[in-house]
Amino acid sequence: MNIRNSWLAAAILAVIAAPAAAQQTITKRANVSADATIEVSNVQGSVRVSAWDKNEVELVAVLESDKDKLEFEATARIVRIEVDRPDGKYGRNREEAHLTVKVPRGARLIVDTVSADIAVAEVRGEQDLESVSGAVGTQAYDAPVKAASVSGDVTVTGTGGKAAVKTENVSGTATVTGVRGSLEGEVVSGEIHATIAAADNIDVSSVSGNITVDAELTSTASVDMESVSGAITLKIKPPVNADFDIESFSGDIDNCFGPKARDTSKFTPGSELSFTQGSGGARIELQTLSGEINICDR
Amino acid sequence: MSTLPFGPRNPPEDPLLAKAAELPKDVAPPRDLWPAIAARIAKAGDAPAKPAFRWPLALAAAFLVASVSALMTWSLVRDPQQAEPAVIAEAPTAGADIVPVRYGPNSGVSAAELAARDALLGEFKSAFATLRPETREAIQKNLAVMQAAADEIDAALAKDPASGMLQGMLAGTYKQELNLYSTVVTAGDGLTRRT
Numbered sequence: 001m002n003i004r005n006s007w008l009a010a011a012i013l014a015v016i017a018a019p020a021a022a023q024q025t026i027t028k029r030a031n032v033s034a035d036a037t038i039e040v041s042n043v044q045g046s047v048r049v050s051a052w053d054k055n056e057v058e059l060v061a062v063l064e065s066d067k068d069k070l071e072f073e074a075t076a077r078i079v080r081i082e083v084d085r086p087d088g089k090y091g092r093n094r095e096e097a098h099l100t101v102k103v104p105r106g107a108r109l110i111v112d113t114v115s116a117d118i119a120v121a122e123v124r125g126e127q128d129l130e131s132v133s134g135a136v137g138t139q140a141y142d143a144p145v146k147a148a149s150v151s152g153d154v155t156v157t158g159t160g161g162k163a164a165v166k167t168e169n170v171s172g173t174a175t176v177t178g179v180r181g182s183l184e185g186e187v188v189s190g191e192i193h194a195t196i197a198a199a200d201n202i203d204v205s206s207v208s209g210n211i212t213v214d215a216e217l218t219s220t221a222s223v224d225m226e227s228v229s230g231a232i233t234l235k236i237k238p239p240v241n242a243d244f245d246i247e248s249f250s251g252d253i254d255n256c257f258g259p260k261a262r263d264t265s266k267f268t269p270g271s272e273l274s275f276t277q278g279s280g281g282a283r284i285e286l287q288t289l290s291g292e293i294n295i296c297d298r
Numbered sequence: 001m002s003t004l005p006f007g008p009r010n011p012p013e014d015p016l017l018a019k020a021a022e023l024p025k026d027v028a029p030p031r032d033l034w035p036a037i038a039a040r041i042a043k044a045g046d047a048p049a050k051p052a053f054r055w056p057l058a059l060a061a062a063f064l065v066a067s068v069s070a071l072m073t074w075s076l077v078r079d080p081q082q083a084e085p086a087v088i089a090e091a092p093t094a095g096a097d098i099v100p101v102r103y104g105p106n107s108g109v110s111a112a113e114l115a116a117r118d119a120l121l122g123e124f125k126s127a128f129a130t131l132r133p134e135t136r137e138a139i140q141k142n143l144a145v146m147q148a149a150a151d152e153i154d155a156a157l158a159k160d161p162a163s164g165m166l167q168g169m170l171a172g173t174y175k176q177e178l179n180l181y182s183t184v185v186t187a188g189d190g191l192t193r194r195t
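Chains as they are written, first to last, in this note's numbering: chain Y, 1 to 298; chain B, 1 to 195.
If you are wondering where the hints come from, they were derived from the structure by calculation, not from laboratory data. Heads up, some of the hints might be wrong.
[As the list claims (entries may be wrong)] In silico DSSO-like cross-links for lysine-lysine, where the CA-CA straight-line distance does not exceed 27 Å:
(1) B:K175 - Y:K146
(2) Y:K67 - Y:K102
(3) Y:K28 - Y:K67
(4) B:K141 - Y:K146
(5) Y:K67 - B:K125
(6) Y:K146 - Y:K237
(7) B:K159 - Y:K166
(8) Y:K166 - B:K141
(9) B:K159 - Y:K260
(10) Y:K166 - Y:K260
(11) B:K125 - Y:K69
(12) Y:K54 - Y:K28
(13) Y:K54 - Y:K146
(14) Y:K260 - Y:K235
(15) Y:K102 - Y:K146
(16) Y:K162 - Y:K54
(17) B:K141 - B:K175
(18) Y:K260 - Y:K237
(19) Y:K102 - Y:K54
(20) B:K175 - B:K159
(21) Y:K235 - Y:K162
(22) Y:K237 - Y:K162
(23) B:K141 - B:K125
(24) Y:K146 - B:K159
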């Protein structure tokens with residue numbers, strides 16, 4: 001390598017190394033109870049939480065900005081982790097903070113971010129995860145899970161336990177798979193795609209986004225699905241024993257069970273369809289203003 | 001796609017621009033570089049022929065230029081003396097662009113409900129201005145989606161004022177609007193939001 005190339009290589013290395021010089025890596029640990037509450041707050045970057053078989057919390061924080069401050073407060077019952085951006089500004093400032101946290105398996109988890117993705121694995125306690133523009137992904141066991149994002153996607157994967165899952169999106173997509181128990185979901189223009197086993201309660205709504213649910217219903221299940229202009233598709237695993245009550249102001253109603261929808265009035269374009277399939281029992285209520293409704297058992 | 005206007009209306013009042021105006025218009029090199037350049041050009045004419053184009057060097061040079069550019073941008077953004085005025089100048093304009101959902105005459109949304117919404121809206125506008133541009137854009141698009149839904153429901157209520165289904169949908173749209181504002185306002189508040 002000649003002298004000119006050596007200078008070039010040195011200049012490249014200097015450019016690469018410059019941002020790294022401001023980066024902080026901080027590790028914190030605390031002993032906690034097995035069901036401690038762990039609260040994590042971050043503005044920009046990521047939060048990754050995983051569970052381990054220790055009554056201990058371990059945090060590894062990588063702060064790209066030397067102005068960000070890390071707060072770590074711990075008692076046996078509560079651990080509070082927060083990245084404090086002193087000027088309170090984010091958005092234009094692209095420096096991120098990446099938090100990797102290990103918590104006891106039974107911990108209760110509260111994570112709150114602005115532009116940071118949230119990824120949680122194997123945490124069996126109650127979870128409340130919320131981001132403005134980050135993606136949120138977690139697993140559901142037996143405890144309630146709430147996962148929300150304004151413009152990011154939300155993904156909840158069931159693991160066989162009976163959980164109450166709640167999702168909230170504005171423009172992101174909520175994908176819930178393999179969950180047993182109940183689902184509540186709200187979305188504006190994003191979509192909801194869900195597969196629920198042994199469902200005893202499904203309550204989902206959208207403004208303009210489409211909703212698609214594959215469900216196996218218990219004999220006393222309650223299903224409410226509503227959209228203003230989005231399409232609703234409900235596929236029920238046979239045998240179907242349910243009472244249907246379906247209404248749309250101007251959207252089409254299609255089903256593969258046989259009965260046809262009838263007009264609600266001579267003066268409005270509305271149609272409705274009420275019938276009992278099998279021996280009945282489960283209650284299914286679907287409503288749209290202009291979105292299509294489609295129900296079937298296959 | 002809509003463009004969000006931002007920045008000061010009157011540039012001389014902006015401290016960042018005022019500092020920029022104070023910078024020298026041109027910078028003289030520390031010494032006269034031309035004689036050395038001319039000598040090297042003349043010497044190059046005598047040198048043996050080289051490969052026409054060296055890709056690795058060109059790529060490295062391109063990378064260097066991009067990196068230096070990125071570093072300069074990073075340094076400017078990182079420096080609070082430079083960055084703060086830009087963000088502060090942007091904030092009120094970005095929040096001012098927010099238009100809440102307007103509920104039509106058939107909606108039945110009460111004045112008290114609208115007043116409660118508007119109280120939350122003030123806090124939302126402050127928080128909204130600090131979000132990333134792409135997030136602000138997504139929020140504005142979804143407010144437009146909610147507005148379209150509110151209009152559609154209102155038109156339907158004009159035809160069927162007693163419809164419980166339509167009234168429920170309107171209440172749902174109002175709730176979604178409040179949820180959106182609330183989520184942005186409380187973002188980053190952590191445990192204090194929930195206790």
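Results for each hint:
| no. | hint | in the structure |
| --- | --- | --- |
| 1 | B:K175 - Y:K146 | 18 Å, holds |
| 2 | Y:K67 - Y:K102 | 25 Å, holds |
| 3 | Y:K28 - Y:K67 | 19 Å, holds |
| 4 | B:K141 - Y:K146 | 25 Å, holds |
| 5 | Y:K67 - B:K125 | 26 Å, holds |
| 6 | Y:K146 - Y:K237 | 26 Å, holds |
| 7 | B:K159 - Y:K166 | 34 Å, violated |
| 8 | Y:K166 - B:K141 | 24 Å, holds |
| 9 | B:K159 - Y:K260 | 24 Å, holds |
| 10 | Y:K166 - Y:K260 | 33 Å, violated |
| 11 | B:K125 - Y:K69 | 26 Å, holds |
| 12 | Y:K54 - Y:K28 | 15 Å, holds |
| 13 | Y:K54 - Y:K146 | 25 Å, holds |
| 14 | Y:K260 - Y:K235 | 17 Å, holds |
| 15 | Y:K102 - Y:K146 | 20 Å, holds |
| 16 | Y:K162 - Y:K54 | 25 Å, holds |
| 17 | B:K141 - B:K175 | 17 Å, holds |
| 18 | Y:K260 - Y:K237 | 21 Å, holds |
| 19 | Y:K102 - Y:K54 | 9 Å, holds |
| 20 | B:K175 - B:K159 | 23 Å, holds |
| 21 | Y:K235 - Y:K162 | 20 Å, holds |
| 22 | Y:K237 - Y:K162 | 18 Å, holds |
| 23 | B:K141 - B:K125 | 15 Å, holds |
| 24 | Y:K146 - B:K159 | 38 Å, violated |
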